[in-house]
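For the record, the sequence lines run as chains A and B. Number 104 in our numbering belongs to position 104 of the first sequence; there are no gaps in the numbering. Just add 107 to wherever you are in the second sequence, counting from 1, and you've got our numbering.
Among the hints, erroneous ones may be present.
Cross-link-like lysine to aspartate or glutamate pairs, in silico, EDC-like; alpha carbons within 20 angstroms at most [as the list claims (entries may be wrong)]:
1) B/K427 x A/D90
2) B/K506 x B/E406
3) B/K472 x B/E509
4) A/K63 x B/E360
5) B/K427 x B/D353
6) A/K63 x B/D368
7) A/K63 x B/D371
8) B/K350 x B/E406
9) A/K63 x B/E365
10) B/K345 x B/E365
11) A/K63 x B/D422
12) A/K63 x B/D372
I should point out that these hints are in silico values taken from the structure, not numbers from a laboratory.
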Amino acid sequence: MTGNTQILRILIQHPRLDAAAAPAFRDEMTGTFANRPERVLIDLGQVEFIDSTGLGVLVSLMKQMGPGGRIAVVGANAAVRRLFQITRLDTLFVICDTEEQADAILG
Amino acid sequence: MQTFQSSPVRYHLEVLVVDDDDLMSDVLTVHLEALGCNVACAASAEEALALLARKPVDLLVTDWQMPGMDGIELVRHVRAGRSEDSYLHVVMMTARNDEVVIRRAMEAGVDDFFFKPFEQVQLELAVQSAQRNRLLHRRLQRRNSLLEVAHRRTREALDRVRADLDAATALHARLLPAEGLVGALNFRHLYRPAAMLGGDSIGVSPLREGGALFFLIDVRGHGVPAALDSFHLHHRIKQLRPKSPDDLVLSLESINREILDRGDDSYATIACGIVRPEREECWMVCAGHPRPLIAVGNEVLTPEVEYGMAVGWFDNASWKPTRFAFPPGARLVLYSDGVTECSNSAGEQFGVERLVRTLASNAGKRIRDFVGALELGLLARRSSAGFEDDISLLVIENKILEIQSA
Chain A
1 MTGNTQILRI LIQHPRLDAA AAPAFRDEMT GTFANRPERV LIDLGQVEFI DSTGLGVLVS
61 LMKQMGPGGR IAVVGANAAV RRLFQITRLD TLFVICDTEE QADAILG
Chain B
108 MQTFQSSPVR YHLEVLVVDD DDLMSDVLTV HLEALGCNVA CAASAEEALA LLARKPVDLL
168 VTDWQMPGMD GIELVRHVRA GRSEDSYLHV VMMTARNDEV VIRRAMEAGV DDFFFKPFEQ
228 VQLELAVQSA QRNRLLHRRL QRRNSLLEVA HRRTREALDR VRADLDAATA LHARLLPAEG
288 LVGALNFRHL YRPAAMLGGD SIGVSPLREG GALFFLIDVR GHGVPAALDS FHLHHRIKQL
348 RPKSPDDLVL SLESINREIL DRGDDSYATI ACGIVRPERE ECWMVCAGHP RPLIAVGNEV
408 LTPEVEYGMA VGWFDNASWK PTRFAFPPGA RLVLYSDGVT ECSNSAGEQF GVERLVRTLA
468 SNAGKRIRDF VGALELGLLA RRSSAGFEDD ISLLVIENKI LEIQSA
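Please work from the sequences and hints to get the whole structure.
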């Protein structure tokens, strides 16, 4: 809990969020997103690479969020940041440098 | 020899008794028949070989010492002439319990021995053992033949799937643009799918107004589903046939809605544009796709094409075309992330920098030389399992000056 807003924190432990890992990650998240959370913080600190399938799962999670939902990302490496920039997902996911910054934005 | 009680027989073994002593053959025949066997007799090894060539035999009972070919030689001949799959239980009769002889007989292929004078129980044991082995052998044969049928059917199914994939691959390849000069533009592409079928597609369509529409599609995922999607999107763009920068946006909006209406998770990144060599300009939209590169002489630049969302994600997505100069002699390069993310065994990616260097170092050469050099560089990184991602690249060269001077 931060302030009055509950933030759902997700640590992605797949170093490669690709076609091989994405189905398992999607299954892990199905239950977590069932309640249509409004504030989500995704920690990509352990993720080295995201391919098109992995990115698709992140987008589908975003679509499952409640109305007015916000999603922030921390720990994205340069390649992942570039991917968010190219696909303009940086306009929908708030890319943060630190967890404190993300908490402040989501709170 | 003791009196003897017949034990229940499930299968009538075909037995061949080989002995030059008629009396011995007769005694064995009586006992074996009482055990439910069908018995044939041969008075010599030569006669036995002739019989074995004519009829199936499950159990061969042969004397060791006989005039002419002896028992061991007979067994050696029999074993050499039969396939490993055919079943034959061989018992040798001998009066000598001599280890050297027994070893020689074993090496020749004898399974068991009757030591003379033999007892009834030896005979029963041999018949029972031969029966059990024969039964197991038949079961195994039946199972093998079932497996063979199953394997053949699987193979046939696989062959059909392969043929379908081959046909689909050929169809997909036919979508690739023509190479060489089209109007004032020179085209060349590189297309190497990760699997037989790729989710990438490259298209070029000359416009009546001059210049050409071009696009590179990268559908999420790989394999057949992605290929079907890219096949569809390729045709859809050509059908919509955008002729102006604004048309490009309208086409992407249509496709975006169409993918969203399907309600699945598919999406695609598309780089598309309209090139007008006589106006020395190019208009492009990058929908979730990497920006192109442009080479003028040996200087390579990245036009600041505005990034937009991938198509199929959000219904409120919007795109904006960007104009950039495309002077005579300039080369425009569109590529999928499969090119720059192509990794070697150490995990090091090909990268944009290497692509830029390859483009710059081939400035004075033909565009086919650039594509050839690039392909070699990428192939050197390919693992035995093939490329990880589909590789596609399109090069367009402005040849307006050559055309005008000709």
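Next on the checklist: So if I understand the rule, the pair passes when the alpha-carbon distance is 20 angstroms or less; does A/K63 with B/D368 pass?
Outcome noted: Within the cut-off at roughly 15 angstroms; holds.
Item to check | Pairwise hint evaluation, A/D90 against B/K427, where the allowed Cα distance is 20 angstroms at most | outcome: holds, 17 angstroms
Next on the checklist: What's the verdict on A/K63 and B/E365, does the C-alpha distance respect the 20 angstroms limit or exceed it?
Outcome noted: holds, 17 angstroms
Checklist entry - A/K63 and B/E360: Cα distance at most 20 angstroms? => result holds, 19 angstroms
Checklist entry - B/K345 and B/E365: Cα distance at most 20 angstroms? => result holds, 15 angstroms
Checklist entry - Is the hinted pair A/K63 and B/D371 satisfied, with a Cα-Cα distance of at most 20 angstroms? => result holds, 12 angstroms
Next on the checklist: For A/K63 and B/D372, compute the direct alpha-carbon distance and say whether it is at most 20 angstroms.
Outcome noted: holds, 11 angstroms
Checklist entry - Regarding the pair B/K472 and B/E509, is the alpha-carbon distance no greater than 20 angstroms? => result holds, 15 angstroms
Item to check | Pairwise hint evaluation, B/D353 against B/K427, where the allowed Cα distance is 20 angstroms at most | outcome: With Cα atoms ~8 angstroms apart, B/K427 and B/D353 stay inside 20 angstroms; holds.
Item to check | Straight-line alpha-carbon gap A/K63 to B/D422, limit 20 angstroms | outcome: holds, 11 angstroms
Item to check | Holds or violated: B/K506 to B/E406, with C-alpha atoms at most 20 angstroms apart | outcome: The given pair, whose Cα atoms are some 18 angstroms apart, holds under the 20 angstroms limit.
Checklist entry - Hey, B/K350 versus B/E406, does the alpha-carbon distance stay inside 20 angstroms? => result Given that 20 angstroms is the threshold and the Cα spacing comes to 30 angstroms, the pair is violated.
In the structure shown, a violation is registered for the earlier hint numbered 8 alone.
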